[in-house]
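Student: Residue strings, one per chain:
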Amino acid sequence: MLEVRDIHKSYEGQPLLMGISFTLEPRQTICLLGPSGSGKSTLLRIIAGLETAERGQVLWQGRDLAGTPPHLRDFGLVFQDYALFPHMDVADNVSFGLKMKGWPDDDRTSRLAEVLELVNLSGFEHRDVTALSGGEQQRVALARALAPRPRLLMFDEPLGALDRALREELIGQLRLILHRTGIPSIYVTHDQEEAFGIAHRILLLHEGRIVRAGEPHHVWARPGSTWAAGFLGLGNILPATVLDTRARMKTRCGIFVVHCAHQHHVGDEINLLVRPKAVAQGTLFKGIVRDRVFEQDEFKITLSNGLYFYLAQAPHVGKGITIRVRMECLGRRSDSEAPGS
Amino acid sequence: MDPGLDGSGPALSLHNAVPFRTPQGNFEQPPPGRRGAAWRLQRLALWLLPLSFLAVFFFLPFFRILGYSFSLDTLTAPNLEPAVQSLFFTFYQAVLSTLLTLGIGLPAAILFAHYNFPGKSLLRALTAVPFMLPTVVVAAGFNALLGPRGWLNLIAMHSLGLSVPPITFVGTLGAILLAHVFYNTTIVIRIVGTALSNLDPKLQQAARSLGADPPRVWWNIVLPLLRPSLLAASLLVFLFDFTSFGVILLLGGPSFATLEVQIYIQALQLLNLPLASLLALLQLLCTIAFSILYTRTAGRTLVQTAPRSAEFNLRKSTTVREKAFVAVMIFVLCLLLILPMLSLPLRSVSRLDADRGQRGQIQTGFTTDYFTELFINRRDSVFYVPPIQAATNSLGYACATVLLSLSLGLPAASALTKPGRMERILDPILILPLGASAVTLGLGFIVTFGRWLSFPWMVPLAHTLVALPFVIRTLQPALASIPDRLRQAAASLGASPFRSWLAVDWPILRRATLSAGSFAFTISLGEFGATSLLSRPEYPTIPIAIYRFLSQPGGLNYGQAMAMATLLMALTAAGMLVIEKLRLPGVAEF
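Protein chains in written order, with the working numbering: chain A, 1 to 341; chain B, 1001 to 1590.
A hint or two may mislead.
To be verified - Selected chain A positions facing chain B (Cβ under 10 Å, derived; list incomplete):
#, residue
1, 78
2, 154
3, 312
Hint data in this document are derived by calculation from the structure and do not stem from the laboratory. Glycine included, every Cβ here is placed at the ideal spot set by N, Cα and C.
When you get a sec, could you build the whole thing from the sequences and use the hints?
Tutor: Below, the structure is given as structure tokens:
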């Protein structure tokens, strides 16, 4: 449905987006995941038509949208700080888009009731938007974007300003609503839990490029790069050197055999990902406990070699342990990924 | 805000321009527990001087005016007719001026809030200058540009060989309106521009994504959100236009009588003090009503702001339409704001027409005659003393005003720093003189101190009355910004009370005092309204001298008016620079 082709954009002379391309299928939710400043919001505004790209195209069902101004694109937008119109009540906010499209009064009233019901805000019609809680404001913003039945919904860090518990509750509601309405959507966030909680597909954005794209569990299983593994917080990054052609890798914790799909030469500097959860079949690690912290229902222990793991039962500081974990190769180490980072 | 200075408010800086609004944040909670008798005595001592001054020089005259207005002899048909007429004209010209000011100010506010262009900060600073210029300087500036002996007319006469000036400007309603727009555009730029650049751009983006085209975004989102600031700006502009005096007298002429001008005419020329008092009362009531309205709306202007959106809203002009808009607005602002200020000093050193009725070839070109002539005492001149005497008088009055207003303002400001119940009542009373126009203050002096008017001290006393609210409002935030903890820290480190005052209070106080003093100085230099009623013929001030020169025939008189006005402009600019340099960081503009 939506196709983004080779978008380039720079900000104050610095390249911000360097050739972004992806497609969005019907009923699909895509999540653009990346650290702040990676250009996610800019990309969203380019798709919405609020900014223009220096190069590249945005197409809807094969038609270039370059000449279509934002108010004729029919793309709904939900902002992090909601951007509710402070001089209007809930009903006027939500029916604003309907008014702009010239819906008749009766249809507007029934549609208003419908979307407020959808976001669990029935009866809030005449409330002052500035008097609502953060979560309620967020739901009004969602209702406002949903009301005119947009052909695409875009979310710009929509839950960023809310606390964790509320975020988890709202992301669940949002997933249900998107599923029920079937509107294709693009969701921008820097929070991986939000991303994994809502997206059918994740696009990992780094330094202006999409460095990894795929379904959440695939991205989780194969981050594909040291940066991605670090950003997603998948585990320990352990620098290593390729010892021989039989996949033996030398690290500061010893020599390990790690098979991978890369073509390595002897002496290559690579990074290994050491997952922190214990598994039945895996590489054996030994070490002395330097620190232990209780987190939720597990202990996070740090060994004297600097690696951390999660264990249900943890020995005391100073004791030695052995643990089996999964280990995988993240590929060649670049200069920016100095050992230990 | 300042309806008190002559008319459109000369010699006051935007930064402190609204002494009606107390900086609430600076009020500290009074310490718990009962205050001792010694504390109360100390408070009373602080208040004694400023309050007695106000009682004698403001409230007493004020009640005299009230007494005149409410006598039955005053309320007669021949009195009521000019009263109603001038009231009507005052409203009429103020409404027109306000609409025109909005017409220029709103696009200018958009220009400054949304677009980046080279020289922006310079142009922005320039827009604020007119607001602080004395009315006589502005009148002289427009005269130098568009008057019968101004640049445009003389150039047109020379090049087209005409015998009469083709442009009639002085003495028209257009002149009044243009000068008001010149004065007050900056108010709209500041108030509406600030609101506009604080407006969250996401609101407009959200509206766009919901199907609103740009005009509908303006109509449905931007305008409603700007309404409080638009209203506040309009009210303030209206208030200044309503109380305008110097501009109307100097550029409009006697056929355009606003309340202010009518008070002046009735009091000085027709000696009808009862009618003048009635008009003054009318004026005062209107001013107070609009001030209250303004204070209420101004409190609501800063609601819908988003953090960090100011720079977010800025962009370079990209489309042809945007580029054209930016270019046209820059051109219009330069034309409106810079040309009058530029033509004045240029005219003061250019001989373009005959000095007095000479025939034949006139030497045109650069001349310093108008300045040197100021030092010569001519028998046939408007004065019995060398005109430069006016500058000496003005400087003397200004110094007296500085001393007086500081010695009254410092105790009042320090009492206001830690307000008790007494201060909360007294604070608005101190600001009350601003509600009265300068002409009304002058009139009050006339009806109260008629006998002593020959005493030259009356002028600095009136100037002090005008300057005092500004002085207090400059000193008070500075005094309040000194935290008690610093004094306590100094004391705990072993400093004696005097040493800790020297180390903590003095450095802050010094700046504020200098700044407040410069305020009083510039206000006194440019004050025209009260002075025009109070000054004795043998003790003219610079503005009075300019007014007299301008109302005399002949190129030499005109040139001297230009020279004198240039002098005043330079002095005012110097005062403004001092104030700007000493401005406390973070003190709000309006």
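Student: Run every hint past the structure and note whether it holds.
Tutor: Verification of the hints:
Hint on residue 78(A) holds. Least Cβ distance to chain B is approximately 9 Å, under the 10 Å limit. Of the supplied interface hints, the one on residue 154(A) holds, with its beta-carbon coming within about 8 Å of a beta-carbon of chain B, less than 10 Å. This hint is violated: residue 312(A) has a C-beta 44 Å from the nearest C-beta of chain B, more than the 10 Å allowed.
Hint 3 from the list above is the single one not met by this structure.
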